[in-house]
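Engineer: Sequence:
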Amino acid sequence: MGRTRPCDQAVRRGRLRKAEQFFHLAEIGRDFADEPDGVDDAVVTLWVHAGIAASDVICCARLGKHAQGEDHKDAVTLLGSVDPGAAKHLSVLLGLKTRSGYTDTPTSRAESKRAERAAEALIEAARRAHAQAGN
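When the letters of the sequence shown are read in order and numbered with the numbering used here, they come out as residues 1 to 135.
The reader is advised that the hints may include incorrect statements.
DSS-like mimics (lysine-lysine), calculated; alpha carbons at most 27 Å apart, straight line [claimed, not checked]:
1) Lys18 <-> Lys88
2) Lys18 <-> Lys65
3) Lys18 <-> Lys113
4) Lys97 <-> Lys73
5) Lys65 <-> Lys88
6) Lys18 <-> Lys73
7) Lys113 <-> Lys97
8) Lys97 <-> Lys65
9) Lys113 <-> Lys73
10) Lys113 <-> Lys88
11) Lys97 <-> Lys18
12) Lys88 <-> Lys73
Worth flagging that the hints you see were computed from the coordinates, not collected in a lab.
Values in this document were obtained by computation on a predicted structure and should not be read as measured data.
Just need the whole structure built from these sequences, with the hints factored in.
Structural biologist: As structure tokens, this is what we get:
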């Protein structure tokens with residue numbers, strides 16, 4: 001397992017806040033773009049960041065730590081140890097990260113929809129985990 005960072009209620013709360021901010025800005029960008037297809041890369045990048053932050057919340061709530069390292073596979077593995085379904089959603093998002101944020105190849109509308117569903121599922125799981133752990 002890769003590097004992890006211990007976390008407490010304050011870290012959990014802060015990461016959840018960031019997850020929600022990224023997600024909401026992605027929705028706003030998608031909804032108010034003059035050309036919705038023209039913002040898919042930026043929107044997916046925001047959903048990826050939302051999903052990463054939400055995953056941190058789940059791990060913090062259940063394990064008292066979250067992944068912190070260069071290899072995102074470690075984050076998927078750590079999350080999978082407490083929530084295999086959420087780990088699949090994170091894997092979907094991380095699979096789109098490079099394409100949406102670092103290449104010249106545009107993200108497709110189908111990939112954007114898949115990213116949105118994955119990020120939304122992770123945020124809902126993060127909210128539940130945070131509530132169960134106690135605010």
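Engineer: Are the Cα positions of lysine 113 and lysine 73 separated by 27 Å at most?
Structural biologist: holds, 22 Å
Engineer: Can you confirm whether the C-alpha distance between lysine 18 and lysine 88 stays at or below 27 Å?
Structural biologist: Answer holds: lysine 18 to lysine 88 is near 21 Å, not above 27 Å.
Engineer: Between lysine 97 and lysine 18, does the CA-CA distance stay at or below 27 Å?
Structural biologist: Roughly 17 Å separates the two Cα atoms, so the pair holds.
Engineer: Quick one, are lysine 65 and lysine 88 close enough, alpha carbons at most 27 Å?
Structural biologist: OK: lysine 65 and lysine 88 at ~19 Å, within 27 Å.
Engineer: Given the hinted pair lysine 18 and lysine 65, is their Cα-Cα distance within 27 Å?
Structural biologist: holds, 17 Å
Engineer: Check whether the Cα positions of lysine 97 and lysine 65 lie no farther apart than 27 Å.
Structural biologist: Status holds; Cα separation ~23 Å.
Engineer: Against the 27 Å threshold, does the CA-CA distance of lysine 18 and lysine 73 hold or violate the hint?
Structural biologist: holds, 21 Å
Engineer: If you draw a straight line from the CA of lysine 18 to the CA of lysine 113, is it 27 Å or shorter?
Structural biologist: holds, 21 Å
Engineer: Measure nothing beyond the straight line between the CA atoms of lysine 97 and lysine 73; if it is 27 Å or shorter, mark the hint as holding.
Structural biologist: With Cα atoms ~13 Å apart, lysine 97 and lysine 73 stay inside 27 Å; holds.
Engineer: For the pair we were handed, lysine 113 and lysine 88, check the Cα-Cα distance against 27 Å.
Structural biologist: Measuring from Cα to Cα gives roughly 16 Å; hence the hint holds.
Engineer: Do the alpha carbons of lysine 88 and lysine 73 lie within 27 Å of each other, as the hint requires?
Structural biologist: holds, 11 Å
Engineer: Within 27 Å, alpha carbon to alpha carbon, are lysine 113 and lysine 97?
Structural biologist: holds, 14 Å
Of the numbered hints given earlier, the model fails none.
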